[in-house]
Each structure stands twice: as structure tokens, then as C-alpha cells.
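Protein chains in written order, with my numbering: chain A, 5 to 86; chain B, 11 to 86; chain C, 49 to 212; chain D, 86 to 237; chain E, 2 to 204; chain F, 174 to 454; chain G, 18 to 239; chain H, 76 to 153.
Errors might be hidden in some of the hints.
Derived DSS-like pairs: lysine-lysine, alpha-carbon spacing no greater than 30 Å straight-line [claimed, not checked]:
id, chain 1, residue 1, chain 2, residue 2
1, A, K79, E, K30
2, A, K26, C, K81
3, A, K79, C, K96
4, C, K202, A, K26
5, D, K134, G, K65
6, F, K221, F, K231
7, E, K97, C, K152
In silico contact screen, one side only, chain B against chain E (beta carbon under 7 Å); selected entries [stated by the list, open to error]:
id, residue
8, I24
9, Q33
10, W82
These are calculated hints, taken from the structure and not from any lab test. A virtual CB, placed ideally from N, CA and C, is assigned to each residue, including glycine.
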Amino acid sequence: MIVESICAIVALYASIRILAEKNTLRKLPFLNVLNFAITGLIALILPHPMGIAAAAAYFVGSTLESNAIASTFAKQSEVADD
Amino acid sequence: MTDILLMVFAAIAILGAAATAIQKNPYDKLISLGMLFAGVIPFVVAGGYLDVAISLALIVPITTIILLQAVWRCRL
Amino acid sequence: MDMLTEMVHIIVAFAVAWILFIATDIIFRLPEKGGVSGAKAIGEEIEKAGGNINGGYMMGNIVSSPDASAGTLLAACGVFIAGIWGGLFAAVLVYIGNRICHDKGYAGTTGAVIATFVIYAFITYAGFAPEQFIAGMILAILTIQGISHKYASKVLGKLWRLRA
Amino acid sequence: MSIIRKVSKILQNQNNLVRVYSLLVIFVIIIGIATLPLISYNENQLYPKSVDMKSPLNPYDRGGEPFEKAEVKAQYPENSRYLGYVTAYLTPFSLFISYNTLYAGTTIVSHPGGIIDEILYNTRGLDTIIETSILFIAFAIAMFLFRRNEKE
Amino acid sequence: MILSFTDDYSFGLLIGFVCILIAFFAMMKETDDLHRLLLTDVIEIIALVIIALIGTDLAEALILPGLVVGIAEILALAEIYIEKEGLVKTPENFLKIEIMDTAPGILSAIMLIYGVILSGFTGGAVAGLGLLFYFLCRGSQKKTQILETISGYAWVCWVVAFIVFMTIPQYWFFAVMLAGTGIFAKVAAKMTIVGTMRGNRDV
Amino acid sequence: MILLYILFAVFAGLLFHGIHRKVIARIQTRPGPPIWQEILHVLKFSFKQTWIPKTASKILFMAIVAAVIAIWSGALYILISGGSLLIIFGVYLLHKITEHGLGLSSGSPYGKFGAIRSVISAASEIPLIASIAIIYLITGSLMISDITAYQASNGILLITAFPVAIAMYIIVLSKVPYSPFGIIEAKEIVSGNKTEHFGVWRAGLEVGFSIKTFVLLATFITLFIGAMPFWMLVLASLILLLTMSFVCAVTPMLSPYDAVTIQIAVIIIVIIYAGYLGVMG
Amino acid sequence: MYELENINIEGQVVTFIPFGDIVGYLTPYTAILFIFAAVFTIIALISKPEKQVDIAFGGDAYYTKNVSVKQMRFQRFMAAACGLATMGGVLSGDVFNFTLFTAMVGITNIGIVASIKNRHILDNAYEYGILAMVGTLPLFAGAAIIVATTGTLSMWILFTPLVTVPLVAKLLLVIGVLAEGMAPVYVAKAEITRAPGAPFILMVHVSSLVLFLRVIEIVISM
Amino acid sequence: MTPEFLLGLGILIIGVIAAAFPDPKTYLNRLINLEISGFGLLLVMLSYNETLALLTFIAVTAITTFVLVRVLERRAIN
């Protein structure tokens, strides 16, 4: 139970930090923390071999999302600088 | 899934939804959308639909990437 | 297992996970440069906020691709669910994830494999529960990514200089 | 007479079409909200759902063995004599999944066989016919316009 | 007036109605054509919510057609919009980020395989999305003709399956297989074509 | 037998058209044509030279004329055999389609304007038709035989369901020649959608329209006053027509959209009436 | 086997066609609509479009608009599909099935006019397209409320006096058909009537009117 | 009433309001706001265990988004 609580608190904390952060790129590390917490919770909620796949899929998916957002943002600021 | 966890996920989802609605910068919106998804997926897992959860976890980022195409095109 | 022991276990797990993933990441030269343009941009942004550029790069890389930290977490999940084979299965998934995210995938996969064995060792010989490593890893990533980007990147930068 | 002129001026502008229609819908929905207490859910539904978390086919376990008849509450069972066979059928692959995990019910049922296939293909097959036709028509329109642009 | 909602249905319906009110109110205020098109998508979603509230297997069987109708109409309307506004210039210099080189291959392969396993509508949509994503990232190959032929035959497959169901139901097994593949191929092919309709790009 | 009725309806309808013209003329202090003028017209058209305009869509051009006669003959049959009221008003709406078709098929701009006007007028006439639903609410049946039976025992509907009667009156009124709602045949667009149909085609159309007039008048009488012997039915129809002639003579032709708006206003009245009935009943 | 309990509205059932849960039927009333729709579909299939005459203002010149073969083929295909959908809608004995046919009519109607290359007509086609899309909400919502409150979609059961259908469901169904069939919004529909291709444009009107007549019947009978 | 159901309806309302009245009224904003109500529907379907519909819905939403993005792109450059 204590493990779940830690994950939940971290998740909540991370989401609040995401909202509080003004800078778009620096929101992403917090989102990353949130993803870690959720990934852990997925595994904790349903301990089943498919659960690993689910957790990994979720983690990879959200990482891909962050990656895409960050890359696009970077690309756009590059274009804006030129 | 215990009540506390449930409340936490619901809070994350609601916060994400509200933030997506309120924010102005499209990138911020997309990040909040990711947050919303983070709040929603545990409900799917808790229901025991792992296959659905896996597919969702792969399809939602694709949606985001598709949206990013528009964000990129609509840049000022 | 009483509460206090569990707390202590989690703190130990946190320390182990922290050292494990930072070491692996630094060995695989994550702080050297941003792997993708997004990671680079995050690094530069952190530098602008008063952090260290190499630390920033590493944090950007963690955000942009499943690295050793993700490997450790998923390995912990794997071991928690299905023992040592679960951990190795997680390592395979991390490798696929890395390929998806435009990454060579050495850091993440290696991290996952090492973490699997480390966690397994702790479970068998020190009486730890695998879920404590999940919590530990989440706390570890929190310290890096979630408290203060400025100081975290400076710490990482220092560690990177040791390596370089 | 002037009010008639005014109204007809609004009505004759085709750009107001959606607006007028929205007003109509809003009106009807307000009636709906007002009469909401009169609307109650009928418990006696067709194709009722029963969720058994312990079943590998969760949430689509409707009973029955492959190549046997399952109990399905259809509107006109006499019109589909082989009702229930599709529901009960599992392909070898989905059988394999169902032996191994409790958490892939959706995949199993979406694979040929299962209650949704029963409804979509058998008892309410005509719906599906129309619906694929709609898809077909809409694509025909889109492709026609797209091709015409491409040529130029 | 305090309504006491004892069951899910009334409460859900109330919320659904309120959503309809909001959406149509916005629709009434809106004058821009493209904004209207976007709003119709919301309206589509609300319609699905109201169907979903039924909560039986039948509801699901009704949602699937509803969904496909929605996407079909949006596609046709989008094309009409492009035509009527004369937006003939095809877009160039698309977004190019690193993951768009690596992700599509693996992801669309996963989704294609999973879609084939699922079959039917769902499989068609999933596999179609996978292929769409692939073409989105890799550029169109300009070989849509074959896809259209496939989808035409797939439609015929399904119609044959329907006729089998209605006339000689003892061959239901054959019909199920035919229907599953037919609809899968039909939907997937159509969705894939969407992915290739983006612009003239040779990557 | 039905053939006899149709022949009679054609004859009576054409005569009604003639009388209608005459009455309007007299009210407007003009001499007006003789009342058998329309019959002569039909005969004359039947023997005139006939061809199809080069620009027309040929099959549609011809089929429309047949369709007009066919649907109204069918409606007459239903009326006489006491069938469903719904069918008669179904035919009324299908008639709108033939109006569109008439105008569109020729390719002539005048015809097209007529067709467009016909489309516009459909906007309000269709919902008006829905007022028959209220008749169902009151009588519990839509079979003409049942409705007449109801009126025999419960009093005539003209009084008990007055708003519906108004709506129906306007529907019938919209379809008589020179009506204020007759935006299709307004003089500024020549003969409206009939412009390009001449010769035999025109004769056929006139025949169809005469049956239409007869059927609509007779339906109104049957619906709101009740069953009566055939000669009385014809007489009552004539009286009804005279009231319409009077309206046509004194009111100006409305502009298209105003006609629609007025009809919509009537619809709203009918809907309110329906709500009132719903609350009371 | 199947009987309408209330024959006071449209008479006895002439024939019925079972498709599993969906049992279509024809009464004298719907039979007339069916035949009418069929006739016009056949007309649309076999007749050539008219050549619309346009007058060039400021001179004596006039010219005819020719419909290109490709466009004509497309329009003909759409008109045929529209006719089939109309006939299906008339035949259908199931509420949801009926709404789907209606939705199909809506989209084919758009298709018929959308193929014309004229900004003004396309503008209107788009307007109707939006309306048709928006109309799916009342349609499907109406059908959904019916199935939730009565537990069935079959008109054979819904038409019996024992089953009460909520007023709002009926209203939603009607306004849904209004949008898809474009019936009372004819005011602006006039604009698309200007398009060339009379036999096909006529199908737009045929389908919408016939479906409107059908929905009136359904709603009265419920 | 399951928590998913309530949460779904809540998110649905937020999403509908957001899509109906996006703050800077741009196409892009509205398009992104559309996704919120999609998640609301997802949760409602989940509460009724309609997973197949849910899966199809999410896949179709992605495709719909692509169709709309395509229009937006053309609109932006023309």
C-alpha cells in the first residue's frame, strides 16, 4: 500500500508541477515523472505478464509523445530564429 | 483499485482536461492532453482490459503526432 | 513486514536505483549531446534556466527516449510481475521502445538487464520486495526530473565531468 | 407585414440554415430536459450485457461452446435459425489466448466469432450493409473531388 | 426543481442533453465554415455518448456504424470544403522530426498485425490507422488504385456474406469469416487511402 | 367504375378551374372567359403540334406528365374507396416532386425558376401536411371511412378541430390557380414550370391538375364536414372553391419568401394547438 | 406471421421481408412511396441530363451548359444510390435501420450536388453537408432513446399501443430526418436546384420528401 | 454510478464547453479541444464495458483528426 501511495503522491505532485511550470520545454521532464509514476501504477494495479507489456507500451507511447512535442517545438523555434 | 488511487487519477484527469481547455499555447495543450491520458489509462487497466490499454497507449501518441502536424503548419 | 522496514527498504531501493541508472546513463554518454532535436532543446532550455548544459542534455534524453531509468523501472515492474523472466521481457520491450523513439537503445536495454539482476539479487538475498524498487525508481526519477531542474542538472553535470 | 418580411429575410439566407436548425434542436432538447423525469430506462433490453470478471472473454462472455448454440436474446430468433452459433464460436487462436490470459477479452471477441459479430453480421446485418455503403459513398465523393483537383 | 437521479441513464441523458445544448448553441453562433466542420465532430461524439448510455451489446453494435458514418461524412465534407474554397495549393515542407523515421515502421507493423487479429470494423480501423500513420510519415506512394480495388472486392465479400446469413444460415461459419475479412479489408483500405491523400510529396 | 370517376373528375376539375377564373374576373369587375374555357384549352392542346425541346432531358420530360396523372388518379381512388388519408397527402407531396421535375426537365430558365419556386414553397407546405397527425390524435384513425364515421357521431371536425381546418384550407388554397401562395405560377416567370410543356404534354398536365383540384377540394369536404352523397360532395366542393376564388381575387400574390413565412406561422399555430390538445387530452 | 396491430393509419401490411432482427414491410401507403421512388430512380438511371440554357446578359447570346460525361456518370451513380437508400428507408421496419438509410440519403444528396463545379452551388452543398452531419445527432439520439426506454427497435413492437415512446425521441427523429432529408429547410435548398443535371437533382427532392412522409408515418404510428 | 461514469461525464462537459468556446478562437485550438470530449466518451464507454466500441472509437478519432488536420494544412497555406 505504501508503494502505491508513494506513486500516487508523486503522480499528483508531477501533474501540479506541470501546470505550475510556464516554460513549455521544461514541462516535459515533469510529464516524464508523471509517466514514470503511472507506468509503475499500471504494473501495481494489475500484476499479470500482459501488465508488463501494457506498462511498457504506455511508457513508450508517452515518451514518443514527449519526444515528438519537444522536437516539433525545437524545430519551430529554429525556424522562428532564422 | 483503492479509493485514494482512484481520486488521484480522477484528479489528474480532471486537471488535465481543464488545463487543456484553458491553456492557449498549442504545445502546452498537447502536454496537458498527455496528462489527461495519464489519468484515464489506469481506469482501463483497472477494468482488466489490458489489450485495450496497450492499443490505447500506442494510438493516443499517434493522434498527438498527427495533431503536431497541424501545430507545425499553423505556426505563426 | 512493518511500515518502518518497508520505508527503509524503499529508501535503499531508491539509492540503488538512483546510482544504477545514473551510472548506466553516464557510461553510455547520455549527457554528451542531445540524441534528438527535442532532447537538445530541453537541454538548452535548462541551461538557460541556470542549469548545466550536459545535465540538461541528459535530462532531455531521459524525456525523449526510454533510457536506463525507464529500463530500471520496467525491469522492476517485470520482476514484480513475473520474476527474472519478466525483467528480461521488459528489457526486450525497452529495446523496441528505443527503436521507436529514434535511439540506438544501448543505454535502456543494458540498464534494464542490469537492473533485473540487481533487483533479483536484492529480492533473493536482502528480503526486498520488487515493488519497493518501483517506488524507489519513481522517487529517483523525481529527484532528477521533478524537483529542481537547475540543481539536478548541475549534479548531473558534475558527474559527467568525472566520466569525461 | 413587416415582421413577416423580417422573418422571411432570415429564412431565405442559406447561411442561416444551420442557425435556424440549431435553434430547432435546442428547442426540442429543452422539451427533452423538461420531460426527462418521464424517461426511464427499460430493464428488459435486447442483447443484455453480463460482465464476469473471472472469464477470459471478459467483458463479452455470453456463454456457449464453439459449434454449439449460445443463448442470445434477439428480437426475432425465428428469423435467424443459427442464432447463437457465431456468439459461441472461438477461433483456435482466440481459444489459445483465452487459455493463457484473463485480460484480452476484447481481442478474443473482435477476432471472428463473438456476440458483436453475431449482431453486426447476422441479426442486424442490414445495418452493416448500409453502413459500409455509406462509407463507400462518402469515399466515392471524396475521391471524385480529390482526383479532379489532382488532374489540374 | 431538484431531480433525483436514481439511475445512470437519466443522469447521463441529462448531461448529454446539456452537452447538446452547448454544442448547438455554439453552432448557432458560429459563422466560419471550417469552425462549423470542427463543431460537427463534437456533435458526433455527443451522439455516440447517447448511444453508449444504452449499455447493452446492442449499443455497441449501434456505435460502430455511427462511428463509421461520422468519419465518412467528415471526409466528404472536408473534401467539399477544400474544393469550394479553392484550396488547390498542395502543402510542402512537412514537419520532419527524428521519430518520424523510426516510429512508423514498428508502430504500423504492430498495429497492422493487431488489426488483422481483431478483424471486422475494429481491426479495420486499427490497421487502417497504422497504415495511415505510415503513409503520413513516409509520404504517399501514389498507388491507391489497387487499394480501391481491394476495398471494392471487400465490399462485395461482405455483401455475399450477408446473403449467406440470410438465405443459407447453416453456412454461418463461412459467412462469419467472409464478413470479418471483408469488412476489415474494406475499412482498412479506405482509411489507408486517406493517408495517401495528403499532398504531392516524394520522400 | 373508377375510370368513370376519373373522367368525371377531369371534367369537373376543368369546369371548376373555369368557374374559378370567372369568379375572380367578376370580383375584379372584368368579364372573364367563359367557364368552359379550360375544357376547350385541353381539347385544343391535344391536337396541336407537339415536340420535345432540344435541351430537355427527354425521358424525364415525358415521364413527369404521366406521373402527374397517375398519382392523382391514385389519390382519387383512395378518396373514393375510403383509404388512408396519409396516402392522399403523400400524393400531395409527391406532386411537389412532379412540379420540380416539370420545371427542371426542360432546361429552360423560366422553367427552372418555376422549379426553384416550387422547391421554396415546399419548405412550408410539407410541415403543414404534418397537421394531419392532429387529426389522428383526435379521431384515432387516419382511414377516411373512420374519420367520416367519427364525424357522424361526434360532430364535424371543421368546428372541433378548427386550427387544423385552417391549415388544410391553406394547403388547398396554395394549389388552386391564382392563389396568393401560388408563387410557382407568378406572372413574372411566364407560366412557371409549365412554360416548356405544350401540345399534348400541356393537355396531359391540365388533365392531371384538374383531377388534383377536384381531389383536394373533395378531400377537404370529406375530412372536415363528413360523408355525403356524391352530388352533394361536388356541390360542397364548388362552394369551397368559391370561397377560395374570393380569397384569390382580393389578395395580392405574395413574394416567395413571404408566402413561406406566413405558412410557417400557420404551422406554429397548429403546433401550439397540438400542444394544447396534448395537455388537455 | 407479422401483423400491424394498428391498421387505422396506413392499412394492412401487404408484404414483409425479414432480415434477421430487421423485418421490413410494405403497407399500401409505403408501397406507393416505394413505387414512386423506384420509378424516379429508374428515370434517373435511363435519362440523359438536360442542357441548361443560360442567358448571357447584355446581349442576345445564350448558351447551354453541358454536363461532362464523367460528372454525369458520377451523378448518376449517386442518384442510383440515393434511390436505393430511399427505397430501403421506405421498406425498413426498424428504427435504427431507418436512421441509417436516412443518413445515407443525406450523404448521397450531398454527393449529387457536390460534383458540380460552381462555387455558389458548392457553398450550398457544404451548408447542407453540415446540416446532414449535424442531423445525425438527433437521428441517432432519437433511436437510442427509443431503444433505452422501450427495449426494442422493431417498429412491429413499437407500433403496438402498449409501448409508449417518449415525446422527445419522436421529435428528435423528426428533426433528424428534416436535416438529412433537408425537407423543411427547402428555403435555401432552392439554391442547389439551380445546378444542372435535372434527373439527378430531382432525386434529391424525391428522397427527402419520401423519407419525410415515411417518418411522419412512423411517428404517428408510435 | 461508477466513478468512470461520473468522471467521463465531467470530462465530456469540459470538453464540449472547450470545443464550443475555445479561448483564442483558432482552428487549431478547437481541434485540440475536440480530443478532450473524446476522452470523456472513452470513459463513459469504459464504464459500460463497451471496449470494442472504445477501441474503434479511438482509432477512428485519430483518423478523423488526420482528415481535419489535412484541411487545416490546406487552409493555412492557401
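Tested hints:
{"no.": "1", "hint": "A/K79 - E/K30", "result": "violated, 36 Å"}
{"no.": "2", "hint": "A/K26 - C/K81", "result": "holds, 25 Å"}
{"no.": "3", "hint": "A/K79 - C/K96", "result": "holds, 18 Å"}
{"no.": "4", "hint": "C/K202 - A/K26", "result": "holds, 21 Å"}
{"no.": "5", "hint": "D/K134 - G/K65", "result": "violated, 53 Å"}
{"no.": "6", "hint": "F/K221 - F/K231", "result": "holds, 19 Å"}
{"no.": "7", "hint": "E/K97 - C/K152", "result": "holds, 19 Å"}
{"no.": "8", "hint": "I24", "result": "violated, 15 Å"}
{"no.": "9", "hint": "Q33", "result": "violated, 18 Å"}
{"no.": "10", "hint": "W82", "result": "holds, 4 Å"}
Of the numbered hints listed earlier, those contradicted by the structure are 1, 5, 8, 9.
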